[in-house]
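Residue numbers (my numbering), protein chains in the order written: chain Z, 9 to 155; chain U, 9 to 155; chain C, 9 to 155; chain S, 9 to 155.
The hints are simulated quantities; they were obtained by calculation from the structure and are not laboratory data.
Honestly, I wouldn't trust all of these hints.
Heads up, the list lumps identical chains together, so a pair's fine if it works in one copy or across two of them.
[Claimed, not checked] Calculated pairs, EDC-like style, for lysine to aspartate or glutamate (alpha carbon to alpha carbon, straight line, at most 16 Å):
(1) K19 / D124
(2) K95 / E49
(3) K19 / E42
(4) K95 / D110
(5) K95 / D82
(6) K19 / E49
(7) K19 / E41
(8) K15 / E126
(9) K19 / E56
There are 4 protein chains.
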Amino acid sequence: MKGAEQKMLRKVQYYETDRMGIAHHANYLHWMEEARILFMEELGFAYERMEAEGILSPVRAVQLEYLQSCTFGDLLTVEVRVLSFDKVVLRLGYTISKNGQDDCICRATSDHVFLDPEGHFVRIHRRLPEFTEKIEQCIHKQGRDVC
Amino acid sequence: MKGAEQKMLRKVQYYETDRMGIAHHANYLHWMEEARILFMEELGFAYERMEAEGILSPVRAVQLEYLQSCTFGDLLTVEVRVLSFDKVVLRLGYTISKNGQDDCICRATSDHVFLDPEGHFVRIHRRLPEFTEKIEQCIHKQGRDVC
Amino acid sequence: MKGAEQKMLRKVQYYETDRMGIAHHANYLHWMEEARILFMEELGFAYERMEAEGILSPVRAVQLEYLQSCTFGDLLTVEVRVLSFDKVVLRLGYTISKNGQDDCICRATSDHVFLDPEGHFVRIHRRLPEFTEKIEQCIHKQGRDVC
Amino acid sequence: MKGAEQKMLRKVQYYETDRMGIAHHANYLHWMEEARILFMEELGFAYERMEAEGILSPVRAVQLEYLQSCTFGDLLTVEVRVLSFDKVVLRLGYTISKNGQDDCICRATSDHVFLDPEGHFVRIHRRLPEFTEKIEQCIHKQGRDVC
Chain Z
9 MKGAEQKMLR KVQYYETDRM GIAHHANYLH WMEEARILFM EELGFAYERM EAEGILSPVR
69 AVQLEYLQSC TFGDLLTVEV RVLSFDKVVL RLGYTISKNG QDDCICRATS DHVFLDPEGH
129 FVRIHRRLPE FTEKIEQCIH KQGRDVC
Chain U
9 MKGAEQKMLR KVQYYETDRM GIAHHANYLH WMEEARILFM EELGFAYERM EAEGILSPVR
69 AVQLEYLQSC TFGDLLTVEV RVLSFDKVVL RLGYTISKNG QDDCICRATS DHVFLDPEGH
129 FVRIHRRLPE FTEKIEQCIH KQGRDVC
Chain C
9 MKGAEQKMLR KVQYYETDRM GIAHHANYLH WMEEARILFM EELGFAYERM EAEGILSPVR
69 AVQLEYLQSC TFGDLLTVEV RVLSFDKVVL RLGYTISKNG QDDCICRATS DHVFLDPEGH
129 FVRIHRRLPE FTEKIEQCIH KQGRDVC
Chain S
9 MKGAEQKMLR KVQYYETDRM GIAHHANYLH WMEEARILFM EELGFAYERM EAEGILSPVR
69 AVQLEYLQSC TFGDLLTVEV RVLSFDKVVL RLGYTISKNG QDDCICRATS DHVFLDPEGH
129 FVRIHRRLPE FTEKIEQCIH KQGRDVC
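Based on the provided sequences and hints, a complete structural model is requested.
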């Protein structure tokens, strides 16, 4: 995936496998979360900062396609980028590959909204305009790079 | 959801919550799996039987929409039904509600293919015609009931 | 185990297995937690009540002996009882068996203390004397029954 | 812990927290497993090699003392060393600390046996004498260093 903002390397753990001998499909949501948190950190919006601002961004939807399996010992590369942001819903895209190969073993998206601790929608472009700005830069930059 | 083939009741466990105070979104894939396994069992195709026949049915794709959260102590109802089956991909639909309320807290689908232990596609309608038959009955029956 | 206060039945889930084909050893702590929460509920001290009283009881120590394995589809019986309570540390004992067999597949203990939300020790026998009373009754009752 | 053979650094993940706001106590068994696998790898006995030799080493017992909690974002140091090996049971010791502090937040042990794929005990000092040798060296080396 060209235009990726964040590349995370991550080994598949033994406790993530199931009796089919492969990583259980629920773990991919953990890996996506790990990569997303690093991505936000690199953008300057670490979880701790958002929390201090009183902004939560729960997951509203996910979509995953499992193209190949992976197992204990495989070294995963999880790439994250911004797909869209309409000021309410932020959609991130993920591609996972293994052992330095080009093949994508999983393609996924996650949708996020922004809430205050009482659960009300936060107008993030007013509350944290520099966040909206950064996110929009990501979309533009990727727009140029991605095939 | 009318036309559901299987209703599973399931308490949210303490260890399934995260520090936002709600069940972590990855657990929903566990609950879907639990409900799917019961559903297949009721159709007469328990996991053990499929395994004995040498047929695996890994997850190829999932989609989840998280509409409301749930937490420790909530009693979930997970309903499963067959959405489609084109002889290659079986798509199941899920709705999750909590504490006997009508509101759906999560809507989801999962796609499955049928493989032999070497990872080759199995022509399930030839290998296990009674499976295809049963699954098609589920679609038809649901076709009549669902709004 | 004679003298058990609580017997919980629980199927091993597919997602709890690992590539050795058996339930991964970390899941036993989940099962112990599930059984402990039910046990406390039956004693009249459901988690919700303790939380409302402002009393947390984190795990201070655990010990597990894995005697036999179990796997997907096995029906577990998890039994809990009070081993000791010195007004500071509550020690619970667990035995896990499978599929109605007498053999114990796991023997375990967990130690718990009682804290307020600031993390200070709560003198539980003063704050909630009926709790101490109930717990002591469990020890005595078991004292008579257990071999 | 002086005499440690292996030091692993590992961030606590968001999905590892529970609604008490801290890492759930079952995850420590995952971290111990991660560190143990790295330790064995460094000794020259990677999981893959043992598997190729047809030797499994399931967990027979664990003991954990939770001294302090940790949470999302904490950087853990997990140290492993050999406590004892009587040719049947290998006992490993673990200490976990966080954020570069000296305080130990968790002290633990795990016991392992060596089995063939049929589940029979393997005389590891005959089957893989270089393993026994390495392990014994670890004990001696530590013997000199540890307070």
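### Message
For K95 and E49, with the copy left unspecified, which applies at a CA distance of at most 16 Å: within, between, both, or neither?
### Response
neither (20 Å within a copy, 45 Å between copies)
### Query
Using 16 Å as the alpha-carbon threshold, which applies to K95 and D82: within, between, both, or neither?
neither (37 Å within a copy, 31 Å between copies)
### Query
Can you tell me if K15 and E126 fall within 16 Å by alpha carbon in one copy, between copies, both or neither?
Answer is neither; intra-copy 33 Å and inter-copy 32 Å both fail.
### Query
Between the shortest in-copy and the shortest cross-copy C-alpha distance, which are at most 16 Å for K19 and E42: within, between, both, or neither?
both (12 Å within a copy, 10 Å between copies)
### Message
Please sort K19 with E49 into within, between, both or neither, judging by C-alpha distance up to 16 Å.
### Response
Answer is between; shortest inter-copy Cα gap is 14 Å, intra-copy 21 Å.
### Task
Tell me, please, which holds for K19 and D124 at an alpha-carbon limit of 16 Å: within, between, both or neither?
Neither, since 34 Å and 26 Å both go past 16 Å.
### Message
Regarding K95 and D110, is the shortest C-alpha distance of 16 Å or less found within a copy, between copies, in both, or in neither?
### Response
neither (33 Å within a copy, 30 Å between copies)
### Task
Have a look at K19 and E56 and pick one of within, between, both or neither, based on CA distance no larger than 16 Å.
between (25 Å within a copy, 14 Å between copies)
### Query
How would you label the pair K19, E41 (within, between, both, or neither) given a Cα cut-off of 16 Å?
Both. Shortest intra-copy (15 Å) and inter-copy (13 Å) distances satisfy the 16 Å Cα cut-off.
Hint compliance for this structure: hints 1, 2, 4, 5, 8 are not met, and every other hint is.
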